[in-house]
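The listed protein sequences derive, respectively, from chains A and B. By the count of the numbering used here, the first sequence reaches residue 414 at its end, each step adding exactly one. By the count of the numbering used here, the second sequence reaches residue 490 at its end, each step adding exactly one.
By construction, these hints were calculated from the structure, which means they are not laboratory data.
Subject to a maximum C-alpha distance of 30 Å in a straight line, what follows is the list of computed DSS-like cross-link-like pairs (lysine-lysine):
hint	chain 1	residue 1	chain 2	residue 2
1	A	K112	B	K383
2	A	K185	B	K475
3	A	K250	B	K289
4	A	K383	A	K319
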Amino acid sequence: MTKNVDALIIGGGPAGLAAAISLKKNGIDNILIVEREDCLGGILLQCIHNGFGLHRFKEELTGPEYAEKYIEMLEGTTIETMTNTCAIEIVNEENSKTVYLMSEKSGLIEAKTKVVILAMGCRERNRGNIAIPGTRPAGVMTAGLAQKLVNRYGYMPGKEVVILGSGDIGLIMARRMTWEGAKVKAVVELQPYPGGLNRNIAQCLNDYNIPLYLSHTITAIRGNSRITEVDIAPINEYKEPKKEDTFTLKCDSLLLSVGLLPENELSQLAGVNLDRVTGGPLIDTNYMTNISGVFACGNVLHVHDLVDWVSEESEAAGKAAADYIRNQTIQKNKIAVRVGNLVRYALPTVLEPGKPGILSLRVIAPAENTTLYVKADDEIIYKKGHKKIFPSEMQRIEIKEVPQKAKMIHVYLE
Amino acid sequence: MKNDFQVIVIGCGVVGASIARELSRFDVKVAILEKEADVSFGTSKANSGIIHAGFHSTKGTLMARFVVPGNRKFDRLCDELEFPFERRGELMVAFDDNELRILQTYYKMGLDNKVPYMDLIGKERVLEMEPNVNPEVEGALYAPTAGIICPYEYCFSLTSNAQENGVELFLNKKVTWIGKQGNGKFEIETEDGSRFTSDYIVNAAGLYSDEIAKYVGITNFRIVPRKGEEYLLDRRVGKLIHRVIFPCPTSTSKGMLVIPTVDGPVMVGPTARDIEDKDDWATTRDGLKEVFTHAQRMVPSVKTSDIITSFVGLRPAAVGNNGDFIIGTTTVPGFINAAGIQSPGLTASPAIAEHIREVINKEGLRMELKPHFNPKRRRVASKVRHMLENRQYSQYGEIVKKDKTYSKLVCRCENVTEAEIVEAIRDGHTTLDGIKFATRAGTGRCQAGFCTTRVMEILHKETGIPFEQITKKGKGSEIAPYPIKKGGVE
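From just these sequences and the hints, can you work out the full model?
Here it is in C-alpha cells:
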C-alpha cells in the first residue's frame, strides 16, 4: 500500500496532536498522524492524576482529559489518524521523504510526505542503564510501567514499595500506590535535591509521610524469584556509597524513576543529528533538524515537565512546518546560542536575527537569589531574577527581537 | 504406565537438551525433568555464547577430548536447527613479552588438541583484523574456527526438536527423591508430588548435579558455583569487534573477554569467582569494575555508560576431579553422569551427547535409528523478522497480507512482531523471561519498559493464564500479582 501526504506526524501523543492541529490551522490539509498504540493520547492516557492544562486551558485537568481536548479538535477535520501503526524507517529523498509504516490494519505502507514531524516522546531510563548491583528478580520495574499496570490494567505490582529516583513519575506513583493500599517505604535520590517538581514533593510525599532520602542510593537488590529487600546507603562527595551507614529495607517491589531519554532511534537511523546534552535532535528556530523537512517537538526533542509547554512548542513546530510546505523556506542567517554558567542546555541552539525567539532551558543544579541572563554579544536582551531555580523546572523565556547584527547569543545564570 | 521411560534426563540446560536430542534420533522413550519454568534457565542462559576453538583445554582432560569434536559439529547442527551461529574466530591478545610467551604455550596446547588453522600473528595483523583493539597489542593467537552462538536459542532449538521427535519435557519438576524399585527401575519423585520411573538416569543437573547424585548414594564429587558477571552494551555502540577477544588466561579463568554476540550488541565479562551459594545471582560493584578494567585494556572504547543490562552466570565447577568434566557410568548401574560441565561445556555439548548415548548403549539399552527422525526445527516467524531487518519491505508486505500478526510490532527496540511472540508461546515458553529469550522482545535498550504489558496480553490471550499469575520466570515471580478491581490490596 502507498500513501501520499503533505505532513506525516510520528506519534499521536500531546506533541503530535498539537503539531497536527497547528498544521491544519495554518492551511495544510493532507495530514497523517501515526500512533503505535491502539488509541491517541500517548503517555497522558496513563496519567490519571490532575494538574495538567493550568497554563494552556486555565483549568486543572487529568492526563486523559487533556488528551481528549486535543482529540476532540481533530473531529471534523481532514487530519487522518492511524493507530496500531509503527514507523519503521524514514528515508530522506531530495524533495520528499518516504516513511515505511507497519500498520496492524493495513499492513506495510510506503508513505510519501513533504514533511515529517518527529513526536515520538521519550522512554524511561531503566535498571540496566544505572547498573544497580544485585539479583534480577520480578518486582523491579520503571515507575512508568507500574503506572500503566495500575492505571490502565488495574493490577498492583506490589504492596511494599521502594522507589529509586525522585522524578515526577516516581513521585506520582508513590502517592498512587499509597492510595491503592500499598506501603511506600522510601523514595531514594542520588542527588542532594529532588528530581521532580516541588509541588509533587509536597503533594505526593510530604502529605503521606513518605520519607525522601536525598544523597542516597541503592547498593544491592536481593531475592531471586521476587525482590525481597534492598540496601540503601548515603553517598559521599564522590558519589560512592558509605558502607558503614547502609541500611536494609524489606520490599516486594522497586520502582525506578531515574530519568527520561528522548526516543530517537528512528531519527538517528534517518541521519538526524542529536544534541549530546538533551538527547534530542539539534534544531533551528523553526524546529527543523539538520534534515530539511524533518521537524521535531515535544519530549523527543527534550524532556519537558509540563505538557502545556509540549503543546505550545508543538504548535510552533506545526506552524513552521506549514510555512515550510508552502514556501520551502530554509533559514539562512543563524546566530548560535551558547550556554554558560549553571545552564545545562538551551533550545534551540540557534536563533534568527531580527525575529522574536523562544528559548527553553534547564539549569544544572538548584540555585538561590540568582539572575538568568540572555546576552546578544555584549547586549543584555533578557534578564530575570529568580529567588529559587531548580533543574526539575524547565524555563521558557521569550525574546522580543534578536538583534540583527548579533554574532552569538549567550545564556547564563549569575 | 504413564510417566515410565527408558531414559530420564535430569536438567534441561545445553547438556541435558543435547543428550535428549541425540537420543531422540533413536527409538528410545525419553523424558527430561527441568526444575525451572523454562529450559536453559540455569547456567545455560547466562553463557557467554562462545564456541571455543579448543586451545584452552589441557591435554588428557575430558574437556580437551570433547571440545574440538564438539566445535566441529556446530555447522551441521546450525543447519538443522537454525539457531544463530557464526564462525567469527577468536584472538588471544598479548601486551608484553611474558604474554607473548603465554601465547606460545596455548598454541602448543591447541596443537595437542588438534585445533585446526591456528596462527600466531603480529601486531599489524591484529590491528588490521580488529582496529578497535588497544594499539599497544604485541601479538595474538588467532583461531578462526571459534564461533559465537546464542546459548539459550541453541538450548531451545535442541529441546523443541527433541520434543518433535518424541521426547517429553516436564517443566517445574524439581527432583526431590530417587529410589530403586524391585524390578531394578529408578523411581523419581519431584517437589510437586509427581512420580516418574526409568531404566536409566542421565544426571545433567548442572549446579545441582552433586545433589542429584547424592540421592543415589554417589558422594565422590561436589559442585562449586564459579560466578561470572557479564555486561551487555547498547547495540548503538556498534560492531566494535568482529571476533572474540581473549586476554592471556589466569589459573582460574579464561579471563575477561570482549565478545561479539550474534544479536549484534557487544558483551563484556565474565568474572570468575568461586562462591558457596548456588542461589547467588547478584551482580556486584566490584565485578563491574573488574570486568571493565580488564576489557578496556584490550578494547579501550568499551564504556560503562553503554551498559544496557547485566547478569550473572554460575559455572558448575566440579571439586574432587581437578575441575574436569564428570562424564559416564557410576557405581550405581544405570545412573550416568554428565556433571561438572563448565567451560568449554557449550562447545563440547554435542560431542558429550554423542558419548553419553554410546555409554547408555554399552550399558545395555538397545537402540535403533528412527526411520522418520526429523532433524529440522520448524520455525517461521523469527525467520520472517530478518526480512524486516534487511529492509526487504515488499517481501515483508506480502507476508503481512496473509497474516496480520506480522504487522503488529510488540517490541520496537528489537522489532519483534506478535507473530513471533505467539510462536514462542506455542513452543512452550510461558514466562516473560522465556518469551524474551526466545524472541528478543524486551532485550533491547528500553529493557521491556514498553512491551511488558503487550506481551502479557498476548500470553493471557494464548494460554488463558490470568493476568495476575503471569510470571517473569516461574512461580513466585508474578509481575502484577494484585488485581485492584477484585477488592484491591488488603
